[in-house]
Every structure is written in C-alpha cells, then in structure tokens.
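When we follow UniProt numbering, the leftmost residue of the sequence shown carries the number 1, and every step to the right adds one.
Derived from the structure by calculation, the hints contain no laboratory data.
This one's a predicted model, so the numbers in the text were calculated from it and none came from an experiment.
Watch out, some of these pointers could steer you wrong.
[To be verified] Just the calculated beta-carbon pair ranges, DEER-fashion:
#: 1; residue 1: Thr474; residue 2: Ser659; range: 11 to 21 angstroms
#: 2; residue 1: Val142; residue 2: Glu195; range: 20 to 30 angstroms
#: 3; residue 1: Gly261; residue 2: Gly167; range: 25 to 35 angstroms
#: 4; residue 1: Lys343; residue 2: Ser68; range: 13 to 23 angstroms
#: 5; residue 1: Ser420; residue 2: Ala845; range: 45 to 55 angstroms
#: 6; residue 1: Ala24; residue 2: His48; range: 39 to 49 angstroms
#: 7; residue 1: Thr474; residue 2: Glu679; range: 42 to 52 angstroms
#: 8; residue 1: Ser67; residue 2: Ser148; range: 21 to 31 angstroms
#: 9; residue 1: Lys508; residue 2: Glu679; range: 12 to 22 angstroms
#: 10; residue 1: Val142; residue 2: Asp836; range: 23 to 33 angstroms
#: 11; residue 1: His48; residue 2: Lys343; range: 49 to 59 angstroms
We treat Cβ as the ideally placed atom computed from N, Cα and C, and that holds for glycine.
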Amino acid sequence: MAKKPNSGTNIGSDPCSWKGVTCAPDASSTITTISLRKFSISTPDVFHLLCGIKSLESLDVSDNQLSSILDGFIAGCGGIRGLRVLNLSGNFLTRPLSGFRQGFGALESLDLSKNNLSGIVGLQLDSLSSLKSLNMSSNFFVGPIPVSLGKANALSELRLSDNGFEGEIPSQIVRHGNLTYVDLSFNELSGSIPESLGDLSRLDTLILSGNSLNGSIPHTLGKIKTFSRFAANQNAFVGSVPAGLTTYLINVDLSFNRLNGTIPLTLLSPTNLQYVDLSNNNLEGSIPTTMSSSLNRLRLGNNSLFGPIPGKPFRSLQNLTYLELENNHLNGSIPVELFLCQKLALLNLAQNELTGSLPVQNSFTGSVSVCAAPIPDSISSLKNLANLDLKENKLNGSIPKSVSTLNRLLELELGNNRLSGTIPQMPIQLQIALNLSRNLFSGTIPTTLSVLSALEVLDLSYNILSGHIPDYLTKMSGLTQIILANNQLSGLVPTFPSYVSSNFRGNKGLIFPPPKPGPNSQPMPSKRILSVAVVIGIALAGFGAALILFITPSIWKTYYHFGENASSSQPPQVVCGKLLMANGFHKSCIDFKKAMEAVTETSNIVLKTKLSTYYKAAMPSGASYLVKRLNYSYKIIQFEQNSGRFGREVERLGKLSNSNIMTPLAYTLTVDSVYLFYEFPPAGTLYEALHHHGSSKLDWGSRYSIAIGVAQGLAFLHVGSSSSPILLLDLSSKTIMLKSLKEPRIGEIEVYNLIADDPSKGTDNLSTVAGSVGYIPPEYAYTMKVTMAGNVYSFGVVLLELLTGKPAVSQGSELAKLIVSSKSGEENKWGDIILDFDESKTSVAAVRRRQMVSVMKVALACVSVSPEGRLKMKTVLRMLLNAN
C-alpha cells in the first residue's frame, strides 16, 4: 500500500512524511501524489518546483488563491509522462483557457471547475488523447458546447455546468461513446435534445437543468439500459412525457417545464424508480394506479390533474417519504392507504377539491397539508406533525379541542376556510405561525394563547372576534407580527414593542394611544423609518453623504424605541472582556464599562431578532458601536466554563476577512450574558431599506449590488472561510446590515457554532431557534438540522424580496410559497411582480429586464422545495455575476 500523507506539518528529511505527499508502495521513496488542497497558495511559482517531479502521477492544488498560472506550466508539467490527474479547481484563475497542446498525453482527469476562466473553448484540449474526466463547471465560458476533444475516445465524464455556453446541444457529442455522466446544467442552451443521445449506450446520468431547452423529450432516452438519472427541470419542454422514459431510471426531474398531456399509465411503475418530480407543468388526467414499491419521493403538484387519489398503489409504498399533489383538481376522499406509508415525512394535498375527513389511521411523521370538510377529532392521532396546512379550502365546523395535543406542531395554517366557534387551546410548541384568518371565529381572544411564548406570527384577522386585545400579547417574547384587522374588537390598544409589526385596522371600537413624545414624535404606524430619512434628507440636502452617517442612527433608535429609557440599577459586571482585532482605532475607542452602561438603557436598543438584541453604544471618543447580546447566552457560558470553546470560536471568526460579513471586534462575558461588538452600520438593515420606502430609496442597481454582496458573503461562509462551512441559523433581510445602500453585511454568523452542542451534526433542539418566518426551508420542520441547502433557501427568499419589493411574509402568506405555487411563478408573468420592471423599448431597459429575469431564475432555483434541487452558493454567486 502507498505511504499516506502525514497529518502533521513538520518537515523532515523524508519527503514521504510531509503533509500532502504520497509515495510509491516500494522502498524507492518515489513521489507519486501531491495534494496541496486548501494550503492558501497564492503564487504560481510553486509550479516550477512541482513540475520538476517527473514521477508525479497526481497533482491537486484545488481550493487555493491562485489567480494565474505561469506560461511555463504547460511546458513543465506537460512533460511529466505519467501525470494522470490534475486538479486546479476552486481557485481564482482568469483569462481564456490555456492550451494543453504540449504534453499531457497520459492525463486522464482534468478539473478546472470553480474558477473565473472565460472565453470560448475551441481546440485547446485537442491533444488530451487519454482524457476520461473533464470538469469545467462554474466558470465563465461562452460559445458552443466543446466537442472537439481530439482523440479522447475514453471520455466518460463531461461536466460543463454553470457557465455561459449557448446554442444547441451538439449531436456530435455521441462520438464519445463511453460517456457515462454528462452535466450541461445552468447554461444558456436552447433548442431541443438530440434524439441521437439515445445512442450513448453507457450513459448513467444526464443533467440539463436550468437552460432554455425546448421541444419534446426524446423517447430514445428510455432505451438506454444504464440510464439511472435524468434531470431536465427549469426549461421550456413541451409535449407529453414519453411512456417508456423511466424504464431504467432511478431518478427523474422534469419540473418547471411546459409539459402537457396525461401521465402515462406505466410511468411510475418500473421497479428501480425512486424519485419522480413532474411538478409545475401543465399535466392533466388522473394519477396512475400502478407505482413502483421503491418510490421514495413523488412530486406532481401545480398541474391540472383531476379525479380521485388512488388508494391501492400506496399499500406497498413503504419507502415513500415525500408526497406532493398540491394545487391540482383532485377530488374525492383521502384514501386510508395513504397513511400506511410509515416513512412519510411530508404530505401536501393543499388547494384541491378533496372532501371527507382525515382518516384516523396514520403512522407518518413530518408535515401534512390537505383539504377536508370538518376537521375531525381524530386529528389528534397525528402526533408527529410539525406543520399542518389546511388553508384555502372549504373546511367548516369548529377546531377540535384535541388539536392541543399535537405537541410537535410548529405551524398551524387554517386561514381562508369556513371554520367557526371559539378559539381552543393551542399546542404549546407553536412557533412559526398561527393563522386563523378569514374564518367565522367568534368570542374573545382566549387567555390560553398566552402560553405560546415562542410564536412569531399571529393572524386572527377577518373574523368576528370581540372584546379587548389582551395585554399578555405584548409580552409574548417571540412575536414579530400580529394581525387582528377586521374584527369587532374594542377598547384601548396595548403598546407592543416597536419591533412587532401590527395591523389592527377595521376594528371600529378600538382606541389607539397617542404617540409617545420623542425626537421624532410624528406617528409612524407602519414604522417607515426610511421615509423619515427621506424627509430629513430633502430638508438638509446640502449635507450630502454625511447625512446618512449622522442621521440614520437616531432614526434607528426611534424605529426600535422600546419604552421609557428604563435602566437597570447596576450595569452588568464584566467577568471577561477581549479585543479581537489589532486595529489601533478600535483598541483606543472600545470601552467595555461604557458599553455595559449602554446596554442597561432600553432606549439604546436598535434591533431585536429571534437570536439577539442589538444596542447602540456611544463611546467617550465619540465613536459608536453595535453591541449584540446573544439570547442563548446561558448555553454559551456553559460551553465556555466546560471547554473554553466560546473564546476560541469567536477569536476564529474575528479573523475572517470578507467585506460582506459582520465580524466581531470584541466580546465580553458577564455573569449571565454574552455580548459581541461590531462596527455600527450607518444605513440600518436591508428590511428597513427595502420595505419602508424601497421603491424610491433602492433602485435596481442598488438591489442587484446587495444581492451580489450577500451572495459573496454567504459563499465565503460556506466554502471559503475554513475547512468546514459556517452555517447561519437565521438569514433574513433583518439580519443583513447595510454599510451603505449598496454594501450589505451578513449578521448572526457566530450563533450556529456557539449554541450547537455539535455543529457537525446540527443543533440539539433546532425547532426552537432556527430561522425567521418566511425564510425557513420546508425540510427544517422534520429534519431538525441546519444545512447549507437551508441557507440557500433563505437567500432565495431575500432575492425574491429584492426583486419584488415585498416582505417575506405578508398577511399570513409566505412570499416564496406564493410565487412558486401561483401563476406568478411563470416567466411570462414575472413582469407583473418584479419591482421597477421597465417595459420600454430602450436598450438600457432591455438590459435591465434581462438581468432581472436572470436573477429571478436564480431565486426560484434557490427556493426549490427539494434541498437536493437547490444550487450551491458558489454556483448561485456565479450565476448572479453572469446576469451582469
């Protein structure tokens, strides 16, 4: 066996003991493999030494900071006769692709992915006669798909995704008859799929997602006996699904196309078939009655299917975990057999025409979304439900009292039905939302809701509720949005914290308290802080750019004013305080004692999120800092006492260098709290800038710059900051700070690693901490794990906010789900929902429209229901940059 690289960094006399070096298995000490992955190499001079090792068989310099390769590299390394593997991926290589015409005759694997390479790929790779694997994904290549790979008859893998390749898929690709894996996704390809691809008799995987391909799906693909995965989602395919397409497939994704006709009767029946996604097409007819017992995921939502849900095939689907049939025209009752699927984690039957009630029998966990008549008392048997969505149907009767026994329920959506009676006791774990709007509920708002301390959104609007608004609602610490509009409520409206968005319109008996006196005493029922900034800006236009720096902090304070300058009797006692940066200015300005005095004044609170409370702390020097108190301080202090982990982690994060993330400057520990210090962001949060005067404050240029900046920051956290990704528990427009109206900074970067018992395995109780309503990916309800794919979903919601100018949640509806499930998700309707979508015929408007459409495509790919279908952040960033 070959000698393995030593994990240490000490350099001894024997090169075979060096980290990253592997030698031949004999005693010759011949170096065969060098892996310098993530060695922070930035100079190409290293190749002069590496290419001198003539015994080299494999060279890996991926994930470094190389921006160029010296011209002598081709001559040097090309002369190594036995070099079989060359990996240059994950660097910053630029310029057109260098020619490989000299040497490299033995090269079998070339990986140039995740760089900044550009230009047209012509004959540069023509001499690589032994090539088996070529990966050029995630670059900026343009022009036609390269097929002139000379004598590379052994080519088996071709990965060209996430570039700007255009034109049609060349039929000449079939000359490479050994191809097993072809990925052409997320390019600018058009035209149809060549029928001749069916001649690739060894093809295992074909990925064509995210292009502009059209025409019909060729039936010849179904004849390839080795074919196991076919993904052609997010294109413009028409016609019917070929009957024999899935004969040998395991995984097929044709979602977000324009396919029509009926689903072939045998399409779902092949034995090996596990994953089928035909959602968001124009399919009609009934659901096939024969299905493979291997099916794991079946998505047919957002089509025009009709008829009953067949019960018989579900008797044998013991591996089914996801079933999504929402937004069709299905009728009849919900079959009992459905609940025999013991592994079912997500069931979505919403927006259909189903009748009857939920069967008592069930043995599944996760989420359910159905239509019914009355809600049966047997709903209490669904003990593992995390998300119950029955909105927009014809439900009648009252909510059964047994609903309170659903102890794992995080979200209850019953809006827009015909439910009546009084509001019963709710499950104590409700956290995401309680939506009972647009029904016929009567009586008073019950005191039993007071136990829902973690609830974020409460929507009881458009009912016939009477009585007063209870004071306890103002003390629900998790509440961020309360909607009681259009009822029959009366009495004095209690004062809610300013960070809580409220709507009490349409209650004629309510008495609103006078606005509190203060530096800006005009009433601001919609919390339009930036509109105030505009008024001040007009009056003081002569002050120019300095106005933002001077005025905005006071506006922030007004917007998030928490009360009567109340203060504690004593400032928190600092147990430990440490500066994290060598910057002399911050060293001289930060005063821990003054900061602790500032956090005793509630008037200094400028922002409150689910995870943190932010204060403005003015120092004796005149400089101001943002001081954040972590809401889970008790856990962090426990870790610090047991292992010292907190200090090490914060110091690591303080060393991160990226202009689009908020890195801590210092921290203090008190007896019961943890505080982190940051530079004060002059322009507030993205939420404020976008939703309190967005149409005139943020033009498309600013919004696009913010999108790029946030993507750069998140990509850095996922793949560029360390050997392991830094995940975010809460990414939203409220946790994105603005240094200026074009310079975003992602906040809350520390929290996941600080409060997770084991960051590599997820948090121990994610359901109580992860995400803000509207940004939470659907799978979090049942996986209880924070993931990079979950962060991508949240970023997709932020993109939709930037595109539409609409908040993530409005009147109880989530923006992402609304767009994906409605006709507004179709490209020809995007002009109706994108803010500032200029339909004029000027060249400038045309360029901007194309850019907006490209960004919308990225956003929809990010908010895919399937975590596996979402893009990686580095791919997202490159696609956004390509949109320019």
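Hints, verified against the model:
1. Roughly 39 angstroms separates the CB atoms of Thr474 and Ser659, a value that falls outside the hinted 11 to 21 angstroms.
2. Separated by about 26 angstroms at the C-beta atoms, Val142 and Glu195 satisfy the suggested range of 20 to 30 angstroms.
3. Hint check: Gly261 to Gly167, Cβ distance near 28 angstroms, so the stated range 25 to 35 angstroms holds.
4. Evaluation of the 13 to 23 angstroms hint for Lys343 and Ser68 yields a failure: the beta carbon distance comes to about 51 angstroms.
5. The supplied range of 45 to 55 angstroms is met by Ser420 and Ala845, whose beta-carbon atoms lie about 51 angstroms from each other.
6. Roughly 23 angstroms separates the CB atoms of Ala24 and His48, a value that falls outside the hinted 39 to 49 angstroms.
7. Taking the beta carbon of each, Thr474 and Glu679 are about 33 angstroms apart, not inside 42 to 52 angstroms as hinted.
8. Against the hinted window of 21 to 31 angstroms, the Cβ-Cβ separation of Ser67 and Ser148 comes to about 28 angstroms, which satisfies the hint.
9. Distance hint for Lys508 and Glu679: a CB-CB separation of about 48 angstroms, inconsistent with the stated range 12 to 22 angstroms.
10. At roughly 28 angstroms, the beta carbons of Val142 and Asp836 sit within the given window of 23 to 33 angstroms.
11. The beta-carbon spacing between His48 and Lys343, approximately 56 angstroms, falls within the hinted interval of 49 to 59 angstroms.
Of the numbered hints stated above, those contradicted by the structure are hints 1, 4, 6, 7, 9, listed in ascending order.
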